[in-house]
Each structure stands twice: as structure tokens, then as C-alpha cells.
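Participant: Single-letter residue listing:
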Amino acid sequence: MKTLITLIITSILSFLVSQVQANPSLKKDFKIGDPGIASIHKMTFGPAGILFIGDSKAAQVVAIDFSEHPTLDNSKVKLDNLDKLISDMMGTTIDQIQITDMAVNPANNNIYLSINHSSGVPILLRVEDNVLKQVPLDNVSFSKTTLLDPISEEAKDKRGRKLRKWAVADIKYIDGKLLLSGLSNKEFASTFRSIDFPFGDTQDYSSLEIYHAAHGKYETHAPIKTFIPTTINGKSQVLAGYTCTPLVIFPMNKIKSGEHHKGRTVAELGSGNSPIDMIEIENEGNRYLLIANSNRALMKMDFKDLEAYQGSLTKPVVKKGAAEGVEYVNLPYVNVQQLDRMGDNGFIIIQRESSGNLALKTGNSWWVK
Amino acid sequence: MKYLFSALLIVVGYGMFGQTSQNFTFNKNEVIISKDISETKNIIVFNGEVTEEETSSSTPILGKIKEKENTVYFIPLVPFGWNQKYTVFYNHTIRYFSLPIPKDYESLKISKIFPSASRLPSNILKWYIKFSKPINKNNIYKYIRFVSDSGDTIPRAILPLENALISDDGTLLTIWVEPGRQKRNLIPNKQLGSVFSNNKKYQLVISKEIKDTNGVSMLEDFYKQFIIINADRNKPNIRNWQIKIPIADSMSDLLIYFEESIDYGSSIDNILILDDKGQSVKGDCTLLNEEKIFSFKPKKQWKKGKYEIYFDSAIEDLAGNNLNRLFDDEIHNTSKIITPSQNHKLEFIIK
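Quick note, the sequences are listed as chains Z and C, same order. Just so it is clear: in the first sequence, position 218 is 218 by the UniProt record's numbering, and no numbers are missing. Just so it is clear: in the second sequence, position 198 is 198 by the UniProt record's numbering, and no numbers are missing.
Don't read these hints as lab results, they were simulated from the structure. Take these hints with a grain of salt, some might be off.
The calculated lysine-lysine pairs, modelled on DSS-like cross-linking and capped at a C-alpha distance of 25 Å, are [stated by the list, open to error]:
#1 Z:Lys57 - C:Lys190
#2 Z:Lys84 - C:Lys28
#3 C:Lys130 - Z:Lys262
#4 C:Lys130 - Z:Lys57
#5 Z:Lys84 - C:Lys137
Listed next, the stretches of chain C that the computed footprint assigns to chain Z, with coverage defined by at least 3 CB atoms under 8 Å from CB atoms of chain Z [stated by the list, open to error]:
#6 136–148
#7 156–165
#8 231–244
#9 298–305
Even glycine gets a Cβ: it sits at the ideal position worked out from N, Cα and C.
Okay, chain C solo, but in the shape it has when bound:
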């Protein structure tokens, strides 16, 4: 509603059809015309500037007409866009309008990138981009690319999904680095090689042409630089993880030190802390220090007792190796029953 821009347009008539002065209002979600100047209920709105001669051959915008007291409303199926021209046609009268972007409009930004580390394994599998507001997901992967140190865009680096993987709130985008190239011995890997090479520098580039759901672009391109190191071919092992146990009757954070950077998407909501009654401890989770530390801030003070931390087997490192299996998984049987998730848990006691 902040940007529900409304404008009263006093139109000095063009002299057509004897109408010399009329007014109508419009905003992002409707065009409103006083009934006394709209003899019929029929209001037609077109995309762009359309002349009267062109109205019969032009495609009207989909929307609903509503009548209330002395006012007729045209409600478009999707909101009108900023900085776009529209034509309103009613009573043989043509009027034009557009909605300028509000001066205080906050442009789309990238607030976080995961992984945040600058040294990444060559078999890195996923990236997550956190935007400041919901994005236009249509054909979104074409705005994202990896660029080598020499400035060349790496072809076939990103899995181009028709339906982008975006969180429900529309702000977190998942990018798969082409798995067929990252996984050893697949045809794309054999023919094109891994996407990244050891000891080389790269940039993740997100074009400013990427738009929010209002159709407004970012102000500038986004760059994330990183250097590639050896591939990670080991499963994460929770037995090597260290716990910093919080103090009883405090609100201090429970910290879990991974021995490496952990994948954001598969870990942030997949670690569960249970008290000695088996009840889930409520709190907020964050990943710190290049996603090498999991921090859990409780909603209530810690009580003395025994606790268990459950880790979902789907938790992955940056190379897609999860707690149960390697991403490059060697299999010997042609068919097998999927093994149920193993319990991966650590215990700690607050004294």
C-alpha cells in the first residue's frame, strides 16, 4: 500500500465528441471513472498508447469492471506496471496514463549470498541468493552467470530450470551448478569438464536487469568473487563437530562448530534441539563465519539437563555430500530399498 500511488488527472479534452473536460483517477490496481461522465459501464484499457482507430484491432488488458454508487472501476487482472504507458477508452474518449516509480521506491538489492566464503571447493553444487524483496522469477536464470578471471562467461554452468526454485516469500533463489558437469564421469563432465578449475578465480555475476515483482530492476550489477580450491569428496561427519554448551539460566547461544562450510539451504532448518522430555527447544537459527558455525539463540533461558541435537541426514556440505552419502555415490545394486534416514544426533548436558 505504501506505493499505492494515486493521481488525479485533470484532462483537458482533446475536443473529441464534444467532451471538453473530464477527470479520472488511477493507481496500480484500478482505474476509476465517475459514472456521470461514463455513460456506459464499458471501460477498456490497453497496454501502451493506442489511437481510437487502433482500438478495434488492439488487445484489451484483462480485468473486471465494477460499479459502485456513482463510480465505475476497471480492475486489471495483474497490477499496472511502473513507468508503463496505458490507454483508457470509454465513451469514445481516449485518455492516456502512466505510473511513475515513486521517488522513495526502494530498489531491489541482494542482501546475502550463500556460500559466503571466498574459497570454495571445485565441486560446489548450490548457491543461494537472498534478495531484499520478492523477485520476478520468470526466466530468472538468464540474469545469472559465472565469469572466469579472463572475463569469459562460463557456458552451461547453471542448471536452467523452467520453474525457478524460489522460497515461498519470493526472496531466496536456489541455483544448481550444472550437476552433470560437477559429478564425475557423466557425459557433460566428460565432454565439458567441471564448471570450475582449481586455483582459478571466478565471479558470480547477477545482472542489474533482474527485476522485482513490480518490474523494477536493480540499480547495479552484483559481483561475488571467489577462488576455487580442491574438490570436497568427504561426507560431513557430526562426530568431528564441536559444541559450545550454553550456561544454565542464560540466554546465551548454543554454537555448533562444523569443520567446514555447510550448505545453507539443507542445514538452516534441519537442526533440531530437544530437551530431556523430548520437546523441541524454540529459538532462532543462523549460520556464522562462512557457514562454519551454527548458532541457536533460545527464546527462553536454558535449563539444566540433558539435550539432544538432531541433524537431518539431508544436511550437505558445499559439494552436495550429505550425512548419509557422497554426491558421487558409487552403487553396486541395480535396485535397492532406500534406507530410512539414519539418526544423526549429538548430546550435551547443561550443568
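Okay, chain Z solo, but in the shape it has when bound:
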């Protein structure tokens, strides 16, 4: 019965999403030109081929229409020595570039890589037929909004903003909202923003904080490293991974401007590690959470286990490096640096293989069946 209800809800949601995709009003504010992107830190695709770019340097989010890129079959993509390949394309050395993110357009399977070069020039690349192509950003259909903090009453001369940097840690889109997590150099605080799309004048700022499982006394102020908006037990939730690897659930409807929330910690994934990327994959009616990590293998968690876990971790993890809470399995992919969904039920990774080769490749979907 529960499965049936879930199926019905999913069908309704899918219908609504398709209506949104067909809604041309999403791009009504778009104009052609140069959005003035200064850096690409994080990217995510929304509906209708819109790529959202978190630009920390220019303190803005830019939405670009890439719906006209051709539909591709990237199911067999494999690019070896990716760092060398990109540095050759830039005419530079490997240490002068950084792959900041990877995003796949679910509508047409185009894979996009964002690169920062030491000169500060932001670069977007697209994979087609196993070849990297530059995507020019100076003449695109776009709209954008600022990430600057509102000026406080006392900061009448804008003092205090010069040094303030807000580095976008992750960015996701769901149901007309763009969600961003980030860290400021001013305060160690977990700021979380919700911005309506199409962009308007209002932004909601929340503070999503956690009790660490080791104690119940001190709040951490730790920033959210990566997150996904998802549905858990029929409710809209944000599933967030923190720098010191607790996995925490926040109800979406609680993310309101100016409010401060403590999430429910559902798993400790072992200290000495930081989550890098997180995706949800659905396959044959089963939903899985994949988590790429800085110092652990790619983890797979079954949503059934996640939904069944009703508690909140409050007891200390005594054993060094041990995991607690919702169970997961380690998939045979280590040093996964970027992760995204590919196609209906697959995934794509950028992985530093044991040979030293940095490879862009699809993951074997056998692991998520």
C-alpha cells in the first residue's frame, strides 16, 4: 500500500515537473549577452536545460539556457588523463587548473565541466563524442541574481562587504527554488539560502546547524559541504553532508528566512573524511543515495534504510573512524572527485584511479540495481 501511495505521489510530481519544464515563463526574464561570470564554483541543472552556476567571485548565481545543445549518448564516455588533457587545452600545467564541478543535463545527457585557471578565467567545457569542447559564456541566454548579503542598517557605507567572501559549497534546484549552501570567511556558520526561480527580489537565509553525534552540548556551526533536496517518507527534505561527515535531514518547509534549525543526524560516516558530492538514483522502484568522499570509497545507501531510521544519533562514536547510524555499503570506486547522475538510472564520475590516471567515466549501473 505504501509503495502504491509512493508511486501515485511520484507520478503526480513527475506530471507537475513536466508541466514546469513545458512552462516557457521560466525563461521569460532571460536575455542574450555576457552574464559576466567571474568564477564557476558549483553547477546544477534545473528544468528546461537551464544550468545554474554558483559564482562566488562575482557573488552571483547565473542561470543559462543550454537546451539547444544536441541530445547525446554519453553512456560510454571515457576520458583518460583528464587533468593533462585540460591543461593542454589551456596551454598550461596541471597545477594551474582545477576542475571545480561536473554537471549532467538530464534532458540530453550533455556533460559539463567547470574549470578554474590560475589567471582567473572561468571555463566551461562540454563532452561530445569523447571530446572536450569549450562552451563560450560571453553570448548566452541568461538571467542572474546577486548573492551579496543585504546591507545591514548600521553598515550604511557598505563597510564590511569588501572582505566578505561567501564560497558556494553546493547548489541544487527543486520546484522553483534554487538552494545554496556555503561558507563565509567572516564567521564559521552554516548558511543556507533559498532563492526563488525565476529570480525575484527575495532570498531566504537560514542557518542549518547540527548537534554532532559525539555530544549534545555544543552546536557545530559547520558548513554543509554537499546536499540534495529529496523526499523521505513522503515529505520534502534536505539531506545534507557536513564537512566532518555526519549525514543530516532537515524538513524543507522549515527552511525559512532568519530561522535557525537543528537537523536530525541519521548517520556518521567516519571522521577524517569529507563528503564531496551526493546524488539520488532511482532504479526499478528502488532509490539509492550515492556519496563521494575525500577519504572514503563511494558509498551507497538504500533509501529504504534511510526512511526506516527514525532516530537521531546522539551517542558518541567511540571507535576511531567508525561509522554509525543508517547502514551503507562501499562501492569499489575510491578517490571519486566528481559525481553526477547520468541517464535514468546511471552515474558518472571523475576518479583518480590507482594508476594515477584521472578518468571521466560512467559508473557501472550494476551497483545500483
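Chain Z is fixed; fit chain C onto it per the hints.
Facilitator: Quick look at chain C alone, frame taken from chain Z:
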């Protein structure tokens, strides 16, 4: 533009394809070829030295071709690097070039470090490194480490952010000392302990391998020595701060004496001086004496009257305790409304 190095290369042909002599120029931002020697507009540039046989299997550098009068330009997407080899391929002709670092090139240096004091609390949270010019921010934290007195690098001492916190001008880098270890009772703190121990000496080491935006390294490693003292578990209290009131009709500095070293990043732009009409007094701010003194130099002479100094609640001491709360904040409610910034202000009168 100072380093826009341009070189005229007279190439004595290699005898290939009957071309015996050609010339082209290049600089950091372009390769220029006279049209009379470039039959087609197609100029391909490769990273490193590539033979003609290898050109079909090598990856060309991204760039634009422009044609103007009798000249064809190749403009790379990002500037060419110093001391790197490049290959130009046009008209079935291969030529090589590189750009030597100019002799008068000013190498990257570290101009300031905050905190500048040599005695620091064990729960110190942030460091700021001011560079002489914009830096290459890619993977920058791997060039920075803390070393114990015995010479061992302290593992997990720095929060490794994917997107480095660098000021807009690219010269000021913020480093977070691993907050999970500095904050009591978190798992990293429980399992690894605080990053620093009392009464021990340490060094902040910045590798000379760190590079500027041109890809040029520093000339030598940088070291900042410090000794660790007791943790700071108190909020800064502006009521304990002393003001040296400037003299009327003078350009003298307004000085605020903190009772301790204050965090540079959260304080330097967060102190506002208003005159009796509520207008912001313009001036330059600096931190002196190991960031224990805030100095404000006005643009115009001080007038007699009443002034207010506003302190943003985000101003922190070296341990991340701000005017409103401790970094190790004990909370009792599961959810609460964030309290709006309290007004932290001091008044003074110039007679």
C-alpha cells in the same frame, strides 16, 4: 602590460615544404603571423613541443583566430605561461616558442600575516595571509601547513576547502584552522585533539611552490613561528576597550585599544564611526600592535561634537568568539529564531 613581452623571432626555416625563412611574433596574449606567409587563416598552437606527425593526435590550445589587415592573430583562451614551450602549426610549418620570465619580474612574496602576534591561544581559529600580488588559488591549501617544534607536519590542521576563500583582488587568503578539532567535544576534537597544545612552539610554513596567477613561484619558503598559550574562552567586551579621543581640528588618529588581539578579517571593515548627524566619518583603518589597537585616520579634520563607534557583532577575537557569542556555544533549544545583531556601540565627545 609591464610584462607584455614581445619577441620577434626570425626563424631560419627547417627546409620543410620549401619555406626557407619566415617570421612571427608572440607575447603572453597572442601569436601574430603576417598574412603573406600564412596562406590560410588556420593557426594551431599546442602545449609543449609537438612534431608534425604528432599534431593530428595532439590537443590544440583553445583560442580564437582573428584576422586584421595583413595579419592573423591567435588569441589563447588563457594567457601563455612563462618558461613554457609551445608549438605553432600553420601552412604545414612547425615553429616553437617560449616566453622567458622577464629579468625584472617581481616574484610573489608574503607581505603580512594575521595574527601577527607570536603568542596565540590554543583555540585560534583563523589566519590571513596577505600576498604581494594575486595568487593561483587552485588547490592552494596543499602549499600551507603547520609544523611542530620537532619538525612534524600536523595532520588535519587546516580546513581544506575546494573553493579557497580569497579576497576579490586575489591577494588575501583566509585559512580556517580545522574547526572540528578546535571546537571542544566534536568527534575530530575527541579523536585527534586540538590542533595545537599549550606551551608548544609551532611554525606556519608556506611552501615556495605556491604560485602567482602567472604560474611563477615564490623564491623561498615562508615561516611564521609562534608559541601556544591558554585557550581564549571569553567573548570580546567592548566595555573594556579604551578610546584615545583625537583633538578637535586635527588629523590625528582615533585609537581603540582592545584588551587582546582581535581577528583581522572580521574587524578591519566592521567598525563604523558616525558623527552627531549620523553620517559616516570617512577614513582609513589599520590594526596595530599585534592587532590590539584599531587606528582610524580621518580624511578630514575632526570637528567638535559627539561621535558614535559602531562595532559589528561579527567582530571576533582570535578564537572565533564574537561580540554576541562564544565559538563553543552551548545551546539548549532545538530551534530558535536568530537574534538580530545587537547594537554594540561606544560614544566619545571631541571638545
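Participant: For every hint, state whether the structure bears it out.
Facilitator: Each hint tested on the structure:
1. Z:Lys57 - C:Lys190: Since the Cα atoms of Z:Lys57 and C:Lys190 sit roughly 35 Å apart, the hinted pair is violated (cutoff 25 Å).
2. Z:Lys84 - C:Lys28: holds (21 Å)
3. C:Lys130 - Z:Lys262: violated (36 Å)
4. C:Lys130 - Z:Lys57: Status holds; Cα separation ~18 Å.
5. Z:Lys84 - C:Lys137: It holds: about 18 Å lies between the C-alpha atoms, which stays within 25 Å.
6. 136–148: holds (count 4)
7. 156–165: holds (count 8)
8. 231–244: violated (count 0)
9. 298–305: violated (count 0)
Hints 1, 3, 8, 9, counting from the list given before, are not met by this structure.
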